[in-house]
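A.B. asks: Letter by letter, the chains look like this.
Number of protein chains: 2
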Amino acid sequence: MEYFSREIGRLIGELSALPGIGNKSAQRLAFHILNLPKEDVKRLSDALVEARENVCYCRECQTLTDSELCPICSDEKRDHRTIMVVEDSRDMAAYEKTGEYRGVYHVLHGAISPMQGIGPDDIRLTELIQRLQHDVDEVIIATNSSLEGETTAMYISKLIKPTGIKTTRIASGVPVGGDLEYIDEVTLTRALLGRIEL
Amino acid sequence: MEYFSREIGRLIGELSALPGIGNKSAQRLAFHILNLPKEDVKRLSDALVEARENVCYCRECQTLTDSELCPICSDEKRDHRTIMVVEDSRDMAAYEKTGEYRGVYHVLHGAISPMQGIGPDDIRLTELIQRLQHDVDEVIIATNSSLEGETTAMYISKLIKPTGIKTTRIASGVPVGGDLEYIDEVTLTRALLGRIEL
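Taken in sequence, the protein lines are chains A and B.
Taking this note's numbering, I'd label the letters of the first sequence as residues 47 to 244.
Taking this note's numbering, I'd label the letters of the second sequence as residues 47 to 244.
Keep in mind that a hint or two might mislead.
Each pair may be met inside one copy or between any two copies, as identical chains are not told apart.
[Stated by the list, open to error] Here are the computed lysine to any residue pairs in the SDA-like style, where the Cα-Cα straight-line distance is at most 25 Å: (1) Lys70 - Ser113; (2) Lys143 - Phe77; (3) Lys143 - Gly66; (4) Lys123 - Asp134.
It is worth saying that the hints were derived from the structure and are not from the lab.
Since we're looking at a predicted model, the values are computed, not measured.
Work out the full structure, taking the sequences as your base and the hints as a guide.
C.D. replies: Quick look at the structure:
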């Protein structure tokens with residue numbers, strides 16, 4: 047990229063190292079940023095550094111946050127006896143957007159994947175088991191519906207079984223608005239097995 | 047986004063203000079950044095601020111750069127008597143990638159658009175006319191093939207005419223690999239009118 051000056055080239059290089067941002071997008075972003083008021087660029091830059099400097103794991107649910115307890119775990123109006131187990135903080139955000147869930151979460155930061163060499167000790171399971179010492183009514187396993195997510199769900203359910211705590215798994219089936227003809231056989235089979243009475 | 051802590055929410059907000067980055071992408075980027083080593087985040091943040099602090103317009107071609115002359119204008123091996131006029135610095139980068147053009151550029155930073163209230167005085171035309179005082183053999187107009195780009199091209203060619211300098215326009219036609227059946231009528235007409243003898 048010698049046709050850009052050194053600093054612009056460096057900015058494009060740094061931006062294109064981010065996930066999902068190719069060289070073209072990085073160029074577009076870089077020139078957008080170069081045309082922003084200096085204060086706006088400073089604000090973006092500070093947001094980056096400050097969020098990274100102060101990020102830590104929530105003592106309870108292990109999500110990324112900037113204080114000892116995340117906003118959800120410190121909210122007394124939430125039902126702290128229901129724990130939804132998710133793979134990462136973004137999955138938590140996805141469920142929060144539904145507005146339907148009033149319990150708390152547990153973020154594993156990954157899923158068991160023998161293929162990638164990720165075992166049960168590499169995700170935050172010990173922390174989950176510790177939480178089960180307190181009063182817990184239900185653990186809802188909401189790991190992804192992938193091979194890794196299912197393996198993790200099975201592992202967790204076996205781990206919890208001895209405690210006698212109710213353990214559930216989110217339903218798997220045809221997505222709303224989904225057209226049956228385009229849906230894979232495994233999902234169709236799951237939808238059939240998981241059918242409910244009307 | 048109250049389910050994210052304040053600083054993470056702020057980072058997501060700043061990122062989603064960038065062009066082409068929606069809320070989901072901003073979340074993905076934010077969590078990627080939060081998991082990077084601190085030095086990497088510092089480097090990205092510095093690249094942003096430093097590029098913005100030191101950015102200026104090249105004295106000759108008006109592209110965004112960080113010194114008085116951009117790398118292309120200061121390159122003596124380039125043909126400084128051929129000027130390609132483009133709408134923005136990214137168009138310049140696109141032509142540089144072809145490796146076929148050895149002249150210099152002139153960046154307008156926009157195109158004439160009466161609809162958006164952008165007139166000839168709002169783009170860097172005065173600077174172009176000034177450059178034509180020196181020895182120039184040819185001006186190649188490479189503005190976009192849009193309504194605004196064509197208007198600008200016509201305007202520039204009329205402006206240059208009195209000087210007697212050769213003025214050309216890049217060819218418009220069927221893109222390489224393009225399937226005729228999917229190409230619009232205007233392009234097909236242009237391709238026909240611009241046909242060359244084999």
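A.B. asks: So, for every hint listed, does it hold in this structure?
C.D. replies: Verification of the supplied hints:
no.	hint	result
1	Lys70 - Ser113	between (37 Å within a copy, 23 Å between copies)
2	Lys143 - Phe77	between (33 Å within a copy, 17 Å between copies)
3	Lys143 - Gly66	both (23 Å within a copy, 22 Å between copies)
4	Lys123 - Asp134	within (23 Å within a copy, 53 Å between copies)
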